Amino acid sequence: MNSYLYDGTADGLLSAIAWILEVEPDPEKVILSARKDTLFEEGLTINTDAALAESFFSRLKQYAPDAAHTLYSFMLAEKEGMETSLLHYVSLAFRHGDKVKGYLTHPAVRDIVNVAKKAGRELHRMKGLLRFEKLQDGAYLAKMEPDYNIIHPLAYHFSHRLRAQHWFLYDVKRRTAARWNKGSLQFGTIEQFTTPALSEDEKKVQALWQAFFKTIAIPDRKNPRLQKSNMPMKYWKYLVEKQGE
Amino acid sequence: MDTQAKLQILSGAARYDASCASSGSKREGPSCGTGNTSSSGICHSWADDGRCISLLKVLLSNDCIYDCAYCVNRSTNPVERASFTAREVIDLTLEFYRRNYIEGLFLSSAVMRSPDHTMERMVRVAEALRTEEQFGGYIHLKIIPGSSSELVRKAGLYADRISVNIELPSQASLQRLAPQKNKQAIIEPMSLIGREIADSLVERKVNRRAPRFAPAGQSTQMIIGASPETDFQILRLSQGLYKKMNLKRVYYSAYVPVMADNRLPVLAAPPLLREHRLYQADWLLRFYGFSAEEILSDEAPHLDDSFDPKTAWALRHPEFFPVEINRADYATLLRVPGIGVVSAKRIVAARRFSPITPEGLKKIGVVIKRAKYFIICSGRSSEKPDQSPTVIRQRLLLGEGSVVSLPKQLVLPGLFA
Ligand code: SF4
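Sequence lines, in order, name chains A and B. FYI, the working numbering numbers position 117 of the first sequence as 117, with every residue one higher than the one before it. FYI, the working numbering numbers position 54 of the second sequence as 54, with every residue one higher than the one before it.
Zero decoy hints are in this set.
Distance ranges between label pairs, derived from CB positions: (1) 229(A) to 359(B): 21 to 31 Å; (2) 238(A) to 86(B): 23 to 33 Å; (3) 236(A) to 289(B): 38 to 48 Å; (4) 79(B) to 173(A): 39 to 49 Å; (5) 378(B) to 173(A): 42 to 52 Å; (6) 34(A) to 342(B): 26 to 36 Å; (7) 23(A) to 342(B): 37 to 47 Å; (8) 229(A) to 116(B): 36 to 46 Å; (9) 342(B) to 203(A): 39 to 49 Å; (10) 2(B) to 173(A): 36 to 46 Å; (11) 172(A) to 86(B): 37 to 47 Å.
Derived DSSO-like pairs (lysine-lysine); straight-line CA-CA distance at most 27 Å: (12) 242(A) to 118(A); (13) 242(A) to 143(A); (14) 362(B) to 79(A); (15) 363(B) to 117(A).
These are computed hints drawn from the structure, not numbers from a lab. These numbers were taken from a predicted model, which means no experiment stands behind them. Backbone N, C-alpha and C fix where the C-beta goes; we use that ideal spot for every residue, glycine too.
Please model the complete structure; the sequences and the hints are all you need to start from.
Structural data, given as structure tokens:
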């Protein structure tokens with residue numbers, strides 16, 4: 001059984017998988033992990049090649065778009081220690097095409113699909129739960145602390161939706177930001193974040209939303225458990241309607 | 001009255017309207033404007049009752065000239081009245097949308113002055129949002145029965161979904177409880193909408209730029225338990241609406257007493273279980289290939305309290321079972337109690353690779369608690385074979401998957417025109 005190592009980056013992972021699928025006759029017997037530089041680490045280190053990673057991903061996307069999408073969602077989760085499963089999953093995807101996602105009796109497929117599903121679910125949730133605040137200069141800012149690294153696809157979603165606004169997304173824990181202004185989308189990091197002043201009418205609009213939120217619920221049908229299972233408390237911090245709870 | 005006070009009255013009055021669906025429409029907004037809609041639908045929050053909030057759901061006014069017996073807004077009910085101006089609704093929609101609180105607007109109304117007068121104001125809100133504000137988000141408009149076909153057409157051009165409430169399951173009940181409305185005024189706009197939707201689909205095949213008409217389709221709503229119709233009558237009505245009028249959804253809402261009225265039944269509690277069973281039966285009509293006549297009959301016109309309609313059907317049809325998981329086609333799998341659309345699809349996808357064992361079913365995430373009495377996997381069963389329906393019925397009732405759970409998505413009366 002052959003073991004390989006890569007540098008721990010996303011590009012490194014994809015180029016390693018591309019390389020292994022190229023040279024190994026039976027990739028499902030291969031082990032792949034991130035290099036930790038410990039004393040007893042065994043295996044051949046594969047060099048990171050961003051161009052190879054990219055061409056490999058687009059090849060997969062052409063051959064099995066759905067499997068490529070699963071791979072993409074899986075990468076958002078930044079999970080460590082599942083590289084071998086991912087390698088096996090991708091190898092199966094090249095064998096079976098998009099049907100692979102139905103192969104849930106296979107442990108590697110199940111693991112990858114489950115993680116991808118969780119990341120995809122959070123992305124979908126955040127499309128609804130993200131809250132923008134209007135700043136003094138007329139731009140809008142949304143802060144968030146998602147479990148997964150979803151800022152890219154999320155910003156892409158809002159670039160279609162809130163096209164006429166100038167806005168920022170800020171991932172507080174990862175210190176990454178996205179900015180949309182006049183039709184262009186940019187990503188970057190923010191080292192020192194200072195909360196900017198809000199526009200004058202912001203609190204008034206927030207109060208209207210809070211009022212709506214309260215009245216739309218049917219009073220004798222309070223169901224906090226159902227509310228929390230649909231909208232876990234970890235997301236409440238930035239929800240206007242949940243302030244002060 | 002300031003906007004906040006109006007919002008409290010007019011969203012409070014709209015909260016019983018069941019439809020929160022914002023899906024089914026994919027609209028790329030104008031490039032300089034705000035908003036698009038997403039075909040999978042997005043929930044933006046969950047209210048304290050656990051229901052999804054995706055639209056700013058309000059009435060334009062609750063100041064009604066009609067006096068429908070079952071409705072809080074009936075003219076003889078002493079509640080505080082309010083009406084929004086068009087500007088107020090437009091601003092609320094835009095300010096909320098820009099902050100990502102909502103997918104769009106759901107606008108309904110009581111009848112102010114006349115149906116046309118009301119409908120015209122509602123259409124004006126939608127028109128201004130689309131043309132003046134370049135708003136590309138979701139709009140759902142309720143059609144006021146009795147408004148002119150001209151206004152109905154206009155509504156369909158600006159809205160993603162339009163709906164006419166059928167209110168009560170029969171003409172006789174309508175006459176008794178809502179004497180100012182009539183069946184004609186409800187059915188006419190419904191079929192007009194159905195025709196326009198079909199026409200615009202055809203036209204758009206030829207010409208991609210032809211205007212869309214209510215791309216998310218039409219829905220309707222009826223009140224359950226305020227009038228004497230049987231479940232069988234109701235389901236047949238829904239079946240007809242789906243088949244003949246091309247409706248996307250029929251919503252059922254359990255009747256909640258608002259004001260004593262001797263035309264109305266006295267109920268200890270709103271018939272929530274009945275409403276839940278009707279929704280289950282409705283799913284069987286729409287996604288499981290059942291017909292109303294398979295689910296109920298003139299001899300047994302009511303849905304079973306203790307079993308969901310699919311299990312009830314299975315218990316009446318022992319000759320259909322057990323179903324062989326590794327060979328049965330998709331439609332047959334769907335008939336197994338406890339196997340839903342997701343599970344059936346998973347089974348079909350997984351058995352391509354290797355035959356599925358009972359353990360394998362669990363691995364792919366199919367819950368067999370209830371299904372196990374009705375299936376075998378390559379001849380193997382996790383249950384004793386040949387159990388009679390009576391035995392199965394008892395075992396299902398004795399706790400194993402028989403808990404009557406109320407709907408997750410609470411749906412309560414929608415009482416508005
Ligand atoms: S159902 Fe509609 S028309 Fe009838 S009283 Fe209520 S708001 Fe008015």
